[in-house]
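Protein chains: 2
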Amino acid sequence: MASEQGFCLWFTGLSGSGKTTITTLLVKELRKRGSKLEVLDGDIVRENLSKGLGFSKEDRDTNIRRIAFVADLLSRNDVPVITAAISPYREIRDEARKKMGDRFIEVYTQAPLEVCEERDVKGLYAKARAGEIKEFTGISDPYEPPENPEILIQTDKQSPEESAQQILDYLERRDLIPAAELATAS
Amino acid sequence: MASEQGFCLWFTGLSGSGKTTITTLLVKELRKRGSKLEVLDGDIVRENLSKGLGFSKEDRDTNIRRIAFVADLLSRNDVPVITAAISPYREIRDEARKKMGDRFIEVYTQAPLEVCEERDVKGLYAKARAGEIKEFTGISDPYEPPENPEILIQTDKQSPEESAQQILDYLERRDLIPAAELATAS
Chain A
1 MASEQGFCLW FTGLSGSGKT TITTLLVKEL RKRGSKLEVL DGDIVRENLS KGLGFSKEDR
61 DTNIRRIAFV ADLLSRNDVP VITAAISPYR EIRDEARKKM GDRFIEVYTQ APLEVCEERD
121 VKGLYAKARA GEIKEFTGIS DPYEPPENPE ILIQTDKQSP EESAQQILDY LERRDLIPAA
181 ELATAS
Chain B
1 MASEQGFCLW FTGLSGSGKT TITTLLVKEL RKRGSKLEVL DGDIVRENLS KGLGFSKEDR
61 DTNIRRIAFV ADLLSRNDVP VITAAISPYR EIRDEARKKM GDRFIEVYTQ APLEVCEERD
121 VKGLYAKARA GEIKEFTGIS DPYEPPENPE ILIQTDKQSP EESAQQILDY LERRDLIPAA
181 ELATAS
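Chains as they are written, first to last, in our numbering: chain A, 1 to 186; chain B, 1 to 186.
Simulated from the structure, these hints should not be mistaken for laboratory data. Incorrect hints may have been included.
Any copy, or any two copies together, can satisfy a pair, since identical chains are not distinguished.
Restricting the straight-line Cα-Cα distance to at most 27 angstroms, the calculated cross-link-like pairs of lysine-lysine (DSS-like) are [unchecked claim]: (1) K57 / K134; (2) K28 / K157; (3) K28 / K57; (4) K32 / K99; (5) K28 / K134; (6) K122 / K36; (7) K36 / K98; (8) K99 / K134; (9) K32 / K134; (10) K57 / K36; (11) K57 / K157.
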């Protein structure tokens, strides 16, 4: 059955670029279609796998490698996973891609820094500008955008609903989830 | 299908008590029966999830909590898992049990310290006695045996093959894996 295939939607993008918002919509729809699903967002992982790690390049890399380790364990056993950490470094994302092969689907939530900073949902940009948070991606720490993401989402130009739909369409096209009609009919 | 149910065989026991030996036999047989399966042994986890952690009570607890987090993610998605770390502290094992409910199956590989030390497969006891390894379970660090393990294996009295069979019988009785006859026939 199509819904029993493993894949990893690997979100990457600046803080405030829409990773969590889109993931929330996506989870709702995927659960409706009866798919197994796990979400490894930055906070869950920092709490359960990476407590004690900071935000230096080395610690960020370690954190992302742990996410990739767990995402691989799940997806290779046909459990779809969504990861939603900033994951700013290209090299480590590519390491995750290599590990998971064609189960790895990079989703780049792209938005200009100014837009993300204006949204500032968690008030983190203000703190970063005030120097209260050091090593903040986009301000005082680098972000390396993907060069060929499977899915590019321009969150300053499309709504969260449109973005979620774009991802669902992609998954349907690749036969990784059942089509919406079928799901409704069953 | 019976083989699609998640469970966690949580091995606990001293170094040299037989966790890895029995796990190896078990994996071979379970794979033969076509079951999905992941193994999280102490070394794999220390490498992929817990690099940098030491062997203080606090670090050991963190390590075991991470194993439990991943074992829960897998088993709740119907992927059977075997964990094979010493996991010396009862309280943290019970935390894992609480998290996984009746998916959690504690397997206590019991053998007198003297027997484990005599085996000393990895030469670790010798190093611990020489003071080259500090905080070594059974020598300079505590081991708290389970009070009511689902499966008790006395590895000084039974062979690894008998031990693996005992676990397979348990899993069959609970209908968590297909019976050997069925597996052979299919």
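Evaluation of the provided hints:
1. In this assembly of identical chains, the alpha carbons of K57 and K134 lie at most 27 angstroms apart only when taken from the same copy (12 angstroms versus 31 angstroms across copies).
2. Taking the shortest alpha-carbon separations for K28 and K157, only the intra-copy value of 22 angstroms comes in at or below 27 angstroms, while the best inter-copy value is 53 angstroms.
3. For the homomeric pair K28 and K57, neither the shortest alpha-carbon distance inside one copy (33 angstroms) nor that between copies (40 angstroms) is at most 27 angstroms.
4. Proximity of K32 to K99 under the C-alpha cut-off of 27 angstroms is restricted to the inter-copy arrangement: shortest distance 25 angstroms between copies versus 29 angstroms within a copy.
5. Taking the shortest alpha-carbon separations for K28 and K134, neither the intra-copy value of 34 angstroms nor the inter-copy value of 49 angstroms comes in at or below 27 angstroms.
6. For a Cα distance limit of 27 angstroms, the shortest separation of K122 from K36 qualifies neither inside one copy, at 29 angstroms, nor across copies, at 40 angstroms.
7. For the homomeric pair K36 and K98, the shortest alpha-carbon distances inside one copy (23 angstroms) and between copies (22 angstroms) are both at most 27 angstroms.
8. Taking CA atoms no more than 27 angstroms apart as the test, K99 paired with K134 passes in neither setting, with 31 angstroms inside one copy and 35 angstroms between copies.
9. In this assembly of identical chains, the alpha carbons of K32 and K134 never lie at most 27 angstroms apart, being 40 angstroms within a copy and 52 angstroms across copies at closest.
10. Neither within a single protomer nor between protomers do K57 and K36 lie at most 27 angstroms apart by alpha-carbon distance, with minima of 33 angstroms and 35 angstroms respectively.
11. Proximity of K57 to K157 under the C-alpha cut-off of 27 angstroms is found in neither arrangement, the shortest distances being 31 angstroms within a copy and 51 angstroms between copies.
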